[in-house]
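Given the coordinates of chain X, work out where chain H should sit on it, guided by the hints.
Residue numbers (our numbering), protein chains in the order written: chain X, 24 to 346; chain H, 24 to 346.
If you're looking for bench data, these hints aren't it; they were derived computationally from the structure. Honestly, I wouldn't trust all of these hints.
If several chains are the same, the list does not tell them apart, and a pair holds so long as it fits within one copy or across any two.
Calculated cross-link-like contacts (lysine to any residue; reagent style SDA-like; alpha-carbon spacing at most 20 Å) [stated by the list, open to error]:
{"hint": "1", "residue 1": "Lys27", "residue 2": "Ile344"}
{"hint": "2", "residue 1": "Lys205", "residue 2": "Glu193"}
{"hint": "3", "residue 1": "Lys75", "residue 2": "Leu324"}
{"hint": "4", "residue 1": "Lys85", "residue 2": "Gly47"}
Given the structure is predicted, the values throughout are model-derived calculations rather than measurements.
There are 2 protein chains.
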Amino acid sequence: MAQKLLGIDLGGTTVKFGILTLDGQVQEKWAIETNILEDGKHIVPDIVASIKHHLDLYGLTKDDFVGIGMGSPGAVDRQEKTVTGAFNLNWSETQQVGSVIEAEVGIPFAIDNDANVAALGERWVGAGANNPDVVFVTLGTGVGGGVIADGNLIHGVAGAGGEIGHIIVEPENGFDCTCGNKGCLETVASATGIVRLAHQMAESYEGASPIKASLDNGESVTSKDIFEAAQANDSFANSIVDRFTFYLGLATANISNILNPDSVVIGGGVSAAGEFLRSRVEDHFKKYSFPQVRQTTQIKLAQLGNDAGIIGAASLASQFIEA
Amino acid sequence: MAQKLLGIDLGGTTVKFGILTLDGQVQEKWAIETNILEDGKHIVPDIVASIKHHLDLYGLTKDDFVGIGMGSPGAVDRQEKTVTGAFNLNWSETQQVGSVIEAEVGIPFAIDNDANVAALGERWVGAGANNPDVVFVTLGTGVGGGVIADGNLIHGVAGAGGEIGHIIVEPENGFDCTCGNKGCLETVASATGIVRLAHQMAESYEGASPIKASLDNGESVTSKDIFEAAQANDSFANSIVDRFTFYLGLATANISNILNPDSVVIGGGVSAAGEFLRSRVEDHFKKYSFPQVRQTTQIKLAQLGNDAGIIGAASLASQFIEA
Numbered sequence: 024m025a026q027k028l029l030g031i032d033l034g035g036t037t038v039k040f041g042i043l044t045l046d047g048q049v050q051e052k053w054a055i056e057t058n059i060l061e062d063g064k065h066i067v068p069d070i071v072a073s074i075k076h077h078l079d080l081y082g083l084t085k086d087d088f089v090g091i092g093m094g095s096p097g098a099v100d101r102q103e104k105t106v107t108g109a110f111n112l113n114w115s116e117t118q119q120v121g122s123v124i125e126a127e128v129g130i131p132f133a134i135d136n137d138a139n140v141a142a143l144g145e146r147w148v149g150a151g152a153n154n155p156d157v158v159f160v161t162l163g164t165g166v167g168g169g170v171i172a173d174g175n176l177i178h179g180v181a182g183a184g185g186e187i188g189h190i191i192v193e194p195e196n197g198f199d200c201t202c203g204n205k206g207c208l209e210t211v212a213s214a215t216g217i218v219r220l221a222h223q224m225a226e227s228y229e230g231a232s233p234i235k236a237s238l239d240n241g242e243s244v245t246s247k248d249i250f251e252a253a254q255a256n257d258s259f260a261n262s263i264v265d266r267f268t269f270y271l272g273l274a275t276a277n278i279s280n281i282l283n284p285d286s287v288v289i290g291g292g293v294s295a296a297g298e299f300l301r302s303r304v305e306d307h308f309k310k311y312s313f314p315q316v317r318q319t320t321q322i323k324l325a326q327l328g329n330d331a332g333i334i335g336a337a338s339l340a341s342q343f344i345e346a
Numbered sequence: 024m025a026q027k028l029l030g031i032d033l034g035g036t037t038v039k040f041g042i043l044t045l046d047g048q049v050q051e052k053w054a055i056e057t058n059i060l061e062d063g064k065h066i067v068p069d070i071v072a073s074i075k076h077h078l079d080l081y082g083l084t085k086d087d088f089v090g091i092g093m094g095s096p097g098a099v100d101r102q103e104k105t106v107t108g109a110f111n112l113n114w115s116e117t118q119q120v121g122s123v124i125e126a127e128v129g130i131p132f133a134i135d136n137d138a139n140v141a142a143l144g145e146r147w148v149g150a151g152a153n154n155p156d157v158v159f160v161t162l163g164t165g166v167g168g169g170v171i172a173d174g175n176l177i178h179g180v181a182g183a184g185g186e187i188g189h190i191i192v193e194p195e196n197g198f199d200c201t202c203g204n205k206g207c208l209e210t211v212a213s214a215t216g217i218v219r220l221a222h223q224m225a226e227s228y229e230g231a232s233p234i235k236a237s238l239d240n241g242e243s244v245t246s247k248d249i250f251e252a253a254q255a256n257d258s259f260a261n262s263i264v265d266r267f268t269f270y271l272g273l274a275t276a277n278i279s280n281i282l283n284p285d286s287v288v289i290g291g292g293v294s295a296a297g298e299f300l301r302s303r304v305e306d307h308f309k310k311y312s313f314p315q316v317r318q319t320t321q322i323k324l325a326q327l328g329n330d331a332g333i334i335g336a337a338s339l340a341s342q343f344i345e346a
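Here chain X stands alone, though its shape is the one from the complex (with noise of 0.2 Å):
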């Protein structure tokens, strides 16, 4: 009797798989890379070989499987299951990817963007705790999210929910955003966009500062670097990492003043500066969320790291589990 769900996570560099239980716990899991040669048009058959290989080296069979789920880049088409625009893979021109997987592997197969996954995994068995309202935050090169109100993933009338990261907050003046608007909080609350921040702020920034200097000297600075600084009270990346959480708790109190969700989960490699992060979003959220609000939605820091994307995918696959 069916009892795994097959969850895979299609990135630019490398796709991870997972076998789980229905109850969302990895039993195994494995990666390969990803190879976008020739328009990317290795990537499925990729996939079906090392699911094929990997149930035989498991001793399983399709009859085993509820079903597979992926979280992938580009523009996702739920119904025909094809994938259009994946610029990282490759894969301008729509691909058929769950059409073939279904008709090489004979397990029914489902696929939604991977920001969704991601929040779909996070919002099961991590961070949220699986309660019907969360909103997942990813701060990484860009700022990505997804959005479960009342249970449901939200994706709108064309699929565009869940863009946190093009909430604006500098209506005036704000960066240049690479969606052709101005002030998008990606543009200033991602790994980039602290940098853009420091440099911004370094221009009327007056005290010493290590970061300060090394932004003067033209050396790279990463977030990373200002996190750290922060850290050990250097007041000008204290100052860099103020600004960078007023974007987010700003954005987090709106997105929460709408949709009053159980938390607001915050992940992605920016996250790893962790619960001195989370506090200071969460300072300026408690100033900027309406009081019944403040009072009910917690932020949290993301828990399942890299598997996010495997578990949500996973739980893609639920939708096959008969009643």
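Coordinates of chain H only, in the frame set by chain X:
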């Protein structure tokens, strides 16, 4: 066989009633005054008496009705069907509403917050055209709203979902809000908010303007006066409307960047300014919305006027239709 819905819109001045078909057409409607004397203890008995009287009048019995739905001010407990802290009804303590009406009338009863209920009405048979993703923003003395995402009214963890009026649009130097925060949308984008903006902007405006003259003379100026002057090309009034619609465009864009609804529907008394208001909100919305959202989320005017409450309330009762 039960083929009708009864919708009740409970307000501080009147209680409105409507008998609707299952597809949302209003067949009969009437209203009674809200008697808020003696801690509002007459309100529920008056509602019961009015329902009984009108059922007799129309030759209907409880068996003709699938259910009764009600929208109420205050904090609504949907499970217990009670209302707490509805100060415009003199209901400070928790009131038994649903249990009394169900016992007296014998029809299943559902209740929700009045702004949410109006959102459901506009979504069902109004501007929302029964789309699964619709946000309703009501511009009156304050700013309220409701969020319907993936077909569900979003309450959030503590029922504070949809607090559109408390989205922060001026994080620095905003006006004081009744909620205790500063810079909430309601402080600038309501009937009182636009007058507040007018006073602030009058201080630095140097041209000739009848509106500015009225403000400087200490005369009463209303939202309607400002919109009428702007439409008559008073450039001071136009600059106020521009600021007012900037805030609404920013807030509706950020809501839409999070949820990508089919439409954001603008209602309430201030929306009487019509297309002049809508098109200017839309101009700012387009500037601040993510490209895919800009192409797919529409800014619309509400269509149901005062009937949104009884229609949305009736829609709550649809849950009692047997499959």
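Verification of the supplied hints:
{"no.": "1", "hint": "Lys27 - Ile344", "verdict": "within (10 Å within a copy, 37 Å between copies)"}
{"no.": "2", "hint": "Lys205 - Glu193", "verdict": "both (8 Å within a copy, 17 Å between copies)"}
{"no.": "3", "hint": "Lys75 - Leu324", "verdict": "neither (36 Å within a copy, 55 Å between copies)"}
{"no.": "4", "hint": "Lys85 - Gly47", "verdict": "within (19 Å within a copy, 48 Å between copies)"}
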